[in-house]
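A.B. asks: So the sequences go chain by chain: A and B.
The numbering used here numbers the first residue of the first sequence as 1 and each following residue consecutively.
The numbering used here numbers the first residue of the second sequence as 290 and each following residue consecutively.
Hints are computed from structural coordinates only; laboratory data are not their basis.
The structure presented is a predicted model; accordingly, all values stated were derived computationally and were not measured.
Yeah, the Cβ is synthetic: ideal placement off N, Cα and C, and Gly gets one too.
Certain hints may be false.
Label pairs and their computed distance ranges (CB to CB) [claimed, not checked]:
#1 99/A <-> 329/B: 28 to 34 Å
#2 298/B <-> 64/A: 26 to 32 Å
#3 385/B <-> 40/A: 36 to 42 Å
#4 53/A <-> 331/B: 39 to 45 Å
#5 203/A <-> 323/B: 33 to 39 Å
#6 248/A <-> 399/B: 52 to 58 Å
#7 142/A <-> 397/B: 32 to 38 Å
#8 298/B <-> 71/A: 30 to 36 Å
#9 203/A <-> 328/B: 53 to 59 Å
#10 400/B <-> 257/A: 58 to 64 Å
Anything over 10 Å on all C-beta distances counts as not near chain A; from chain B, calculated [stated by the list, open to error]:
#11 334
#12 348
#13 390
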Amino acid sequence: MIISVASGKGGTGKTTIATSLALSLDRELQFIDCDVEEPNAHIFLKPEINASETVGLPVPRIDPGRCVLCGHCQEVCAYNAIAVTSLQVLTFPELCHSCGACALLCPQQAIEEIPREIGTLETGALRTFSGRAIRFVHGRLNPKEVATPHLIRQVKARIEPDSLVIMDAPPGTTCPVVQTIKDSHFCILVTEPTPFGFHDLKLIIELLKQIRIPHGVVINRCDIGDRQVESFCEEQQIPVLMRIPFSLDIARMYSRGVALIEADRQYRRKFQEMFEIIEPRALQPDSLQ
Amino acid sequence: MKICVTAQDKDLNTSVDPRFGRCGYFLIIDTESLSCEAIENPNRETGGGAGIRSGQMMSANQVEAVLTGHMGPNAFRTIASENIQIFLGIAGPVREVVEKFKQGQYQPAGAPDTGSHQTPLS
Numbered sequence: 001m002i003i004s005v006a007s008g009k010g011g012t013g014k015t016t017i018a019t020s021l022a023l024s025l026d027r028e029l030q031f032i033d034c035d036v037e038e039p040n041a042h043i044f045l046k047p048e049i050n051a052s053e054t055v056g057l058p059v060p061r062i063d064p065g066r067c068v069l070c071g072h073c074q075e076v077c078a079y080n081a082i083a084v085t086s087l088q089v090l091t092f093p094e095l096c097h098s099c100g101a102c103a104l105l106c107p108q109q110a111i112e113e114i115p116r117e118i119g120t121l122e123t124g125a126l127r128t129f130s131g132r133a134i135r136f137v138h139g140r141l142n143p144k145e146v147a148t149p150h151l152i153r154q155v156k157a158r159i160e161p162d163s164l165v166i167m168d169a170p171p172g173t174t175c176p177v178v179q180t181i182k183d184s185h186f187c188i189l190v191t192e193p194t195p196f197g198f199h200d201l202k203l204i205i206e207l208l209k210q211i212r213i214p215h216g217v218v219i220n221r222c223d224i225g226d227r228q229v230e231s232f233c234e235e236q237q238i239p240v241l242m243r244i245p246f247s248l249d250i251a252r253m254y255s256r257g258v259a260l261i262e263a264d265r266q267y268r269r270k271f272q273e274m275f276e277i278i279e280p281r282a283l284q285p286d287s288l289q
Numbered sequence: 290m291k292i293c294v295t296a297q298d299k300d301l302n303t304s305v306d307p308r309f310g311r312c313g314y315f316l317i318i319d320t321e322s323l324s325c326e327a328i329e330n331p332n333r334e335t336g337g338g339a340g341i342r343s344g345q346m347m348s349a350n351q352v353e354a355v356l357t358g359h360m361g362p363n364a365f366r367t368i369a370s371e372n373i374q375i376f377l378g379i380a381g382p383v384r385e386v387v388e389k390f391k392q393g394q395y396q397p398a399g400a401p402d403t404g405s406h407q408t409p410l411s
């Protein structure tokens, strides 16, 4: 079963919820941090990283010996990533979308695809308080790179089918988030009871309804703000899975890299109860076909 | 000699447009006769690679020098690869700029002076 944790608005507490859920369940599971632009789950889970590899995107390399400057590659490139000048062919790898059209369609077969590094993928492991193994995967996109969904796809390729998987999603509602959550069996939405939190929560709920993933809401800092989120969830019959009051202590511990359930042991039971609400509502794995 | 000046409008009375890739007009000017052809820039609204496409128009128009305010790395590379001279930091009325160019008051640029304006891939 794959449970993803998303939000809409950033900074509401996705990683807080995802990491504490993983630690509270006290079972073997896989934790996947898909926020490749800014992975931070490792700060709270503290996995021992045992493998690291670079991830690349294919970009064209022109063989000047075979190229006749016909200009066909430039014509087929939809992204202006190839410019044929009077003397040579210039490629612009940062504009390349790796579609492969230029290499496929060059009449002289003068183009090969070579990898351009965009980030790294790391795997590791940690143990829960009672010694159960949590297998950990995250990706880290290099600065200035924009191919976030591609790296997320590589990270998700490490998912072990038939495992319980908890996935920390990136913030927002655009391509990186869709790429992360699209085949989840359940999605936990973490929000805060403020106008921004409410606005962006409605966007992500809209998305989840379209891709038909069961979902529920965690209201973080529930006692500071307004009642719009609560009312909305009641109207729409969206389960509120947990309410977390604001606590300066929790915030302080967070800033020191201490997970919520370690800062306040009472939350362990709350996360276990949340999982008991989620489990029957999650999609059955074979129903995703 | 044929030069290109990026411009805000269609004739020599207008001012230099400080942008290259997404400028309003490319004025192709013969420095001897001062004849001026105005090309409306087709790349203003393009998603990415405006600098590259605009750069390629320079060699297509047999221009020997490009005068503009600022230029990013993609346009710079495209134009420099055709051995066309590039002058940056150019501003003011186009007529005056052409005169100053003819008097050798401008130095060619060895490198782009702005970063790339990159469009997100997603």
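A.B. asks: If a hint holds in the structure, say so; if it does not, say that too.
C.D. replies: Against the structure, the hints:
1. 99/A <-> 329/B: 28 to 34 Å: Taking Cβ atoms as reference, residue 99/A and residue 329/B lie about 30 Å apart, which means the hint holds.
2. 298/B <-> 64/A: 26 to 32 Å: 42 Å, violated
3. 385/B <-> 40/A: 36 to 42 Å: 55 Å, violated
4. 53/A <-> 331/B: 39 to 45 Å: The hint (39 to 45 Å, Cβ to Cβ) holds, given that residue 53/A and residue 331/B are roughly 43 Å apart.
5. 203/A <-> 323/B: 33 to 39 Å: 56 Å, violated
6. 248/A <-> 399/B: 52 to 58 Å: Given a distance of about 55 Å, which is inside 52 to 58 Å, the answer is holds.
7. 142/A <-> 397/B: 32 to 38 Å: 34 Å, holds
8. 298/B <-> 71/A: 30 to 36 Å: 32 Å, holds
9. 203/A <-> 328/B: 53 to 59 Å: Distance hint for residue 203/A, residue 328/B is violated at roughly 42 Å.
10. 400/B <-> 257/A: 58 to 64 Å: 43 Å, violated
11. 334: 13 Å, holds
12. 348: Violated, since 6 Å does not exceed 10 Å.
13. 390: Since the minimum Cβ distance to chain A is about 24 Å, residue 390/B lies beyond 10 Å and the statement holds.
Checked against the numbered hints above, the structure violates hints 2, 3, 5, 9, 10 and 12; every other hint is satisfied.
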